[in-house]
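Going down the list, the sequences are from chains A and B.
Quick note on the working numbering: the first sequence kicks off at 1 and runs consecutively.
Quick note on the working numbering: the second sequence kicks off at 1 and runs consecutively.
Treat the hints as calculated values from the structure; they're not laboratory data.
Do not rely on the hints blindly, as some may be mistaken.
[Claimed, not checked] With a cut-off of at most 30 Å between alpha-carbon atoms, the simulated DSBU-like pairs for lysine-lysine come out as follows:
(1) B/K622 / A/K157
(2) B/K622 / A/K219
(3) B/K520 / B/K493
(4) A/K164 / A/K242
(5) A/K242 / A/K219
(6) B/K29 / B/K96
[Claimed, not checked] Not the full set, but computed from the structure, chain A residues with beta-carbon under 10 Å of chain B:
(7) I21
(8) E22
(9) Q33
(10) Y35
(11) V37
(12) K164
(13) V187
(14) S202
(15) S247
(16) R248
(17) Q274
(18) F290
(19) F292
(20) V323
(21) C325
Beta carbons: idealized from backbone N, C-alpha and C, even for Gly.
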Amino acid sequence: MRYSLIKLSFFALLVFLYSCIEPFSPPEVNSDQNYLVVDGFLNVGNDTTRIALRRTQNVNDVATPNVESGAALTVESESGERFAFQELARGQYILPPQQYNRGDKYRLRIKTNAGKEYLSEYVVVSSTPPIDSVTARYDSFLDAMVFYVNTHDPANKTQFYRWKFEETWEYRSAFYSSLEVIDKKIVMREKDINLCWGKGLSGGILLGSTVKLTSDIIKDLPIYRVPVSTNKLFIKYSILVKQYGLSREAFEYWTDLAKTTQGTGSLFDPQPSQVTGNIRSTSDSEDLVFGFFSAVTEETQRLTITPRLGTYPQCMAPDTFDVVCNPMSPRQCALETTSLLISYGGLRSEFITGSPSSCTDCRTQGGTTVRPDFW
Amino acid sequence: MKILLPLILSICCLFISNVALSQNNVEKKITMRLDSARFGEFVKQVESQTGYYLYYDTAKFDSLTLDLNVKDLTIREVLDQVFRGSEFEYAIDAQKRIYITQGQRIITQLTPGLFEPNRASDNDTLAYTGPESDAKEKLLSTAESKVHDIGIRKHRITPGNSTVTGYIRNAVTGEPVIGAAIFINSPSIGVTTDALGFYSLTIPRGKQLLRIKSTGMRETQRQIILYSDGKLDVEMRESVIALKEVSVKAGQDKNVVGTQMGTVKLTIKNLKQVPTVFGETDLLRTVLTLPGIKSVGENSTGLNVRGGSTDQNLIQYNDAVIYNPSHLFGFFSAFNPDVLKDVELYKSTIPAKFGGRLSSVLDINSRDGNKKKFVASGGIGLVTGRLTLEGPIVKDKTSFLLGGRSTYSNWVIKALDNENYNKSSASFYDINLNISHEINEKNSLFLTGYVSDDRFRLFGDTLYTYQNQLGSLKWKHTFNSKLYGVLTASHSKYQYAMGAAGLPLNSFDLKFDINQSNFKADLSYQLNARHTLDFGFSSIYYKLHPGSFQPKTAESLIRPDELPAEQAMESALYIEDKFEVSPRLSISAGIRYSFFQYLGPKEVNTYVPGLPIEYIYQEGVKNYKAGEKIKSYGGPEYRASVRYSVFDNLSLKVSYNTLRQYIHLLTNTMTISPTDIWKLSDPYIKPQIGDQFSLGLYRNFRGNKVEVSLEGYYKNIQNFLDYKGGDSLIMNHNIEAAVLNTKAKAYGVEFMIKKMTGKLNGWLGYTYSRTLLRAIDRDSPDAPNNGNFYPSNYDKPHDFTVISNYRFSHRFSLSFNFTYSTGRPYTPPIGKYMIDGAQRVYYADRNQFRIPDYYRTDLAMNIEGNHKIKKLAHSSWTLAVYNLLGRKNPTSVYFQTVAGRVNGYQLSIFGQPIPTITYNFRF
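Using the sequences plus the hints, can you model the full thing?
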């Protein structure tokens with residue numbers, strides 16, 4: 001008892017015991033102020049330009065972001081050309097391929113439904129040299145497949161690069177569900193839900209620069225790493241790398257955006273940075289716009305590999321279910337279970353094996369059963 | 001006329017006998033107690049108690065009073081006490097007659113043994129022995145009443161000025177009294193003693209009354225007749241009852257009379273009255289209560305003086321620089337209160353002898369050890385224990401002071417049940433050693449050694465350690481009464497290390513250190529009564545190891561990395577003149593020329609010309625050989641201040657200062673963290689240049705008891721460092737790309753009322769101040785807030801502080817503090833958006849919002865033991881409650897993404913009342 005008393009009194013001395021952490025929710029954090037977000041670029045190549053307009057959200061808003069519909073978007077060149085966008089879907093604006101003058105400068109003008117006008121700075125057209133190659137090498141130390149990109153600009157003019165990629169992989173669920181329950185009857189499954197194609201987009205901002213080099217060559221720049229443990233590499237894996245040449249301003253914008261960290265404000269955290277872009281409101285400087293407008297061509301290259309790394313998906317052993325519902329049976333009835341049915345079992349097919357959808361339906365892992373057209 | 005000297009002389013020669021001599025041995029003892037009694041009273045008592053008869057010139061003694069307290073002393077002992085140090089002599093003859101004469105003693109007998117050669121001489125009559133220390137104290141009062149002759153005596157005193165020099169010392173400890181004011185009233189001329197207690201005062205020749213005042217000392221005076229340049233040492237007694245004469249400033253009216261502005265001196269007595277969070281007297285926390293001085297948060301002792309950053313303070317401990325003046329991440333300051341003497345803070349007029357930092361100079365002086373006797377003192381607080389030993393090595397010449405302080409928080413943490421806390425540890429210690437040695441009257445030596453060490457481990461993974469080490473040797477030499485100088489050699493080292501051993505594969509050691517070797521000479525020359533010149537030079541050699549990152553164990557996969565060492569030389573020359581134009585107007589003007597050379601060996605990064613200094617544009621490196629000059633900077637720094645007395649106790653002061661700073665603390669976190677690194681100016685990081693203009697009004701009321709001051713300032717800082725968003729500064733090979741050159745402006749008004757005497761003492765201060773920054777390259781995408789001015793992290797416009805102490809009795813006093821300040825700015829995330837398939841959070845403009853205001857009250861009670869001078873140990877208790885109202889003042893707010901939601905939190909470090917109890921002792 002005495003010991004604990006001493007302990008209690010000293011307990012009160014400690015620095016971190018005096019400290020307390022409480023929720024802090026100042027009005028400025030929960031303000032409903034929302035700003036325009038411009039996501040997209042002018043595709044000066046042979047592809048359609050897609051620009052999405054959205055609004056920013058309160059940091060704690062869980063809803064999907066509001067889109068800005070009904071706006072009028074035009075691309076203007078310094079020489080006076082104008083191209084108007086069409087709204088394809090709500091907030092999605094497209095501009096079919098046009099004959100652009102690559103020596104000209106372009107800017108984006110946005111007039112919202114509410115009558116506000118936004119204008120980007122004029123940007124030069126950055127042309128993108130083609131990707132020389134996309135290669136993949138297995139790194140035994142990391143136990144991962146690493147994808148590299150190679151490119152060069154013989155004119156030594158591009159210097160700043162950005163890459164995006166789309167990955168697609170084929171995968172299977174652990175068990176093949178050949179049966180399903182339709183109208184309280186056990187029938188053969190029509191659609192295969194064992195084989196899927198997963199799809200992913202590059203999340204980070206991938207940048208490269210050759211300003212420090214004497215020639216404009218990017219050699220073996222690692223852009224993505226796929227650990228074997230993801231099991232994406234077991235059957236077949238494909239990556240589509242998109243390359244963009246950037247202006248210096250665009251490169252700096254993406255560099256700064258990449259540095260924006262998620263957590264900040266604690267005692268030992270660095271200062272947060274405020275990155276907006278090159279689009280401004282024409283009337284109100286307080287009305288921020290997020291996004292960077294650039295005019296660029298896109299170069300792509302796809303690499304498909306079948307390294308067969310990883311393991312066949314594993315799941316807990318299937319359960320057995322009664323074919324005919326029987327309240328006295330220790331087994332559940334196949335018609336009532338939420339598990340998906342695999343196949344008949346037993347000498348006389350007296351039961352049906354089944355497993356939860358996470359083991360049988362590949363779609364639960366995010367993929368689709370639709371075979372991509374390039375597969 | 002009672003006596004006729006020539007007559008007596010002839011009579012006394014005639015009567016010598018053995019009988020008379022033997023009579024002396026059975027003479028009566030004297031016991032008496034006199035308090036400011038006239039000399040006649042003393043004579044009457046002596047005569048009645050002993051039967052001796054005194055002969056003296058009454059005219060010479062009629063104005064003399066004396067204090068005496070003797071018990072059972074012989075007549076000789078009593079007379080020795082009374083006349084020692086005075087110009088009076090006494091002689092006793094065999095007929096019990098005492099002759100008191102001026103200057104020459106009457107010889108009452110022939111040399112013993114003259115007639116009897118075989119008889120051993122009886123030397124008891126003529127020998128002089130020094131007074132006992134107890135007796136000496138009483139003699140000080142006679143020193144006051146006696147007239148001292150200074151210089152070579154002449155019959156006629158020629159008109160003009162002469163210089164008196166000397167030391168002011170503490171009569172009990174022999175320590176020099178620093179900052180004591182020595183002055184005469186008409187004409188009004190005064191000086192203060194320097195760090196060694198030395199003064200040099202030039203005044204008109206003739207009869208003068210020197211008055212000497214100092215903090216915590218009993219005021220004294222000396223009557224002098226000044227014939228020519230000469231020397232007068234003065235011993236002062238401490239005011240045992242520190243009730244009346246404690247003052248914050250060196251001279252009571254220095255506030256009004258000196259040209260200094262924005263200077264505050266706190267003695268250890270002032271410091272001890274202020275309650276602090278752990279009951280421990282804390283120098284930096286007390287300094288933080290003064291107007292114009294702020295810190296970002298409660299857990300930080302980083303000082304932001306008048307809008308300067310925390311690295312812009314020159315913190316000197318006995319003239320050696322301390323880089324990290326705090327313990328436990330800033331919860332304690334790294335100075336042991338038991339060895340401190342005082343601290344002087346300069347925030348607007350910075351004397352030309354200081355340089356190298358922009359905002360302030362914090363000059364911390366330790367005590368000298370007691371030169372007379374051994375003393376041990378110490379204290380036991382809730383978190384720390386401390387012990388100080390001091391005493392003479394050679395009595396009255398050499399003394400030592402050894403102080404140690406340590407925390408025992410470690411075993412407290414270990415005793416906790418909580419697993420997480422068990423793995424934590426926090427410990428620190430500091431050790432001070434001072435040796436002072438007086439070689440002779442003109443030369444003295446001071447040696448200081450200081451070590452502080454901190455270890456902190458949070459939740460069993462990463463161990464942070466940091467150490468300060470410094471040593472300094474000062475040699476003070478007086479060339480003549482007008483010129484004296486101090487030579488100082490010092491070396492300071494600060495290092496930190498961070499070791500993580502949690503995951504063997506990721507275990508690492510991160511290290512940083514900074515070394516500086518410093519040599520300087522400061523000389524002071526008193527040209528004449530109106531001009532005093534201070535001049536000198538200093539040279540600093542820096543060597544920094546900006547970082548080394550090494551695997552801790554063989555299995556660690558950390559790739560070793562090391563930043564190359566940096567070295568540089570910083571030198572300065574200065575001269576300053578204090579010119580007393582008229583009693584109403586005085587000017588102090590100085591110039592300091594500083595120059596800095598960044599030296600090899602070093603690899604300097606080069607960047608693609610025409611592009612910003614960004615990591616992405618690094619071209620290569622350029623190599624420089626050892627000792628090769630890479631970049632040099634230099635320039636003049638002007639220091640000027642003017643004081644004009646409008647009325648007797650109202651003065652107006654103006655000052656203008658420029659300063660240059662070549663070493664910078666890189667920190668992009670909100671508080672000083674031990675992992676912040678120091679960086680020398682290099683080809684990319686330019687020196688910071690500051691200039692400050694201040695204007696102040698000073699008025700003393702009620703006989704200098706209440707000081708009121710109002711000061712305003714405007715300050716510009718060029719090349720102030722701020723940081724680009726999101727860059728890490730640790731182990732950054734392109735540190736120049738992470739910094740942002742900004743221009744800072746700071747302005748404010750400080751109002752202070754101070755009363756340091758009487759039962760109620762303390763101060764009240766209000767400050768309005770702003771500190772705003774703006775990127776120099778306003779068009780850069782990294783420029784915060786679109787290149788406009790934004791508040792600094794420590795911009796807290798309103799600040800109101802009351803520090804008070806009420807003494808109910810000599811043994812019991814109550815202290816009360818109140819602090820209010822505007823909350824500091826922060827940058828909240830105010831929204832999120834999707835771009836290019838990923839979610840991004842965006843922040844408000846930098847520092848546009850503020851955390852809730854801060855206010856806190858503290859209460860402390862000091863209970864002293866009885867004031868009997870003779871007892872084994874003198875002890876005192878301090879009971880204090882920090883944050884009496886338990887307000888949860890947010891120190892910081894931060895945001896974390898938890899399950900897709902950005903949640904805000906506020907961290908209050910001392911969010912409840914914290915009671916403490918401290919026991920102090922001295923024996």
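Now the hints, each set against the structure:
Taken as a hint, the B/K622 and A/K157 pair is honoured in the structure, with Cα atoms around 26 Å apart against an allowance of 30 Å. For the hint pairing B/K622 with A/K219, the CA-to-CA distance comes to about 25 Å; that is within 30 Å, so the pair holds. Proposed proximity of B/K520 and B/K493 is supported: the alpha carbons are some 18 Å apart, at most 30 Å. The suggested pairing of A/K164 with A/K242 holds, with an alpha-carbon distance near 5 Å, which does not exceed 30 Å.
About 16 Å separates the Cα atoms of A/K242 and A/K219, which keeps this hinted pair within 30 Å; it holds. Proximity of B/K29 to B/K96 is assessed by CA-CA distance (about 14 Å); at most 30 Å being required, the pair is judged to hold. Annotation: interface hint on A/I21 holds; nearest CB of chain B at approximately 5 Å, less than 10 Å. Interface hint at A/E22: satisfied, since its Cβ lies 5 Å from the closest Cβ of chain B, which is below the 10 Å cut-off.
The beta carbon of A/Q33 comes within 7 Å of a beta carbon in chain B, closer than 10 Å, and the hint placing it at the interface holds. Taking 10 Å as the C-beta contact cut-off toward chain B, the hint placing A/Y35 at the interface holds, the least distance being around 7 Å. A hinted interface residue such as A/V37 counts as satisfied when its beta carbon comes closer than 10 Å to some beta carbon of chain B; here the least separation is about 4 Å, so the hint holds. Satisfaction of the interface hint for A/K164 is found here, the shortest Cβ-Cβ separation to chain B being roughly 7 Å, below the 10 Å cut-off.
Proximity of A/V187 to chain B is violated relative to the hint, the smallest CB-CB distance being about 40 Å (cut-off 10 Å). With 10 Å as the threshold, the beta carbon of A/S202 comes within range of chain B, its nearest partner Cβ sitting at about 7 Å, so the hint holds. About 13 Å separates the beta-carbon of A/S247 from the nearest beta-carbon of chain B, more than 10 Å, and the hint is not met. Against a cut-off of 10 Å between C-beta atoms, the interface hint on A/R248 holds, since the closest Cβ of chain B lies about 8 Å away.
With a cut of 10 Å, the hint placing A/Q274 at the interface with chain B holds, because the nearest CB-to-CB distance is about 5 Å. Of the supplied interface hints, the one on A/F290 holds, with its beta-carbon coming within about 5 Å of a beta-carbon of chain B, less than 10 Å. Given hint, A/F292 at the interface with chain B, holds; its Cβ is 9 Å from that chain's nearest Cβ, closer than 10 Å. Interface restraint check for A/V323: the shortest CB-CB distance to chain B comes to about 43 Å, outside 10 Å, so the restraint is violated.
At a threshold of 10 Å, the smallest CB-CB gap from A/C325 to chain B is about 40 Å, leaving the interface hint violated.
Of the numbered hints given earlier, the model fails hints 13, 15, 20, 21; all others are met.
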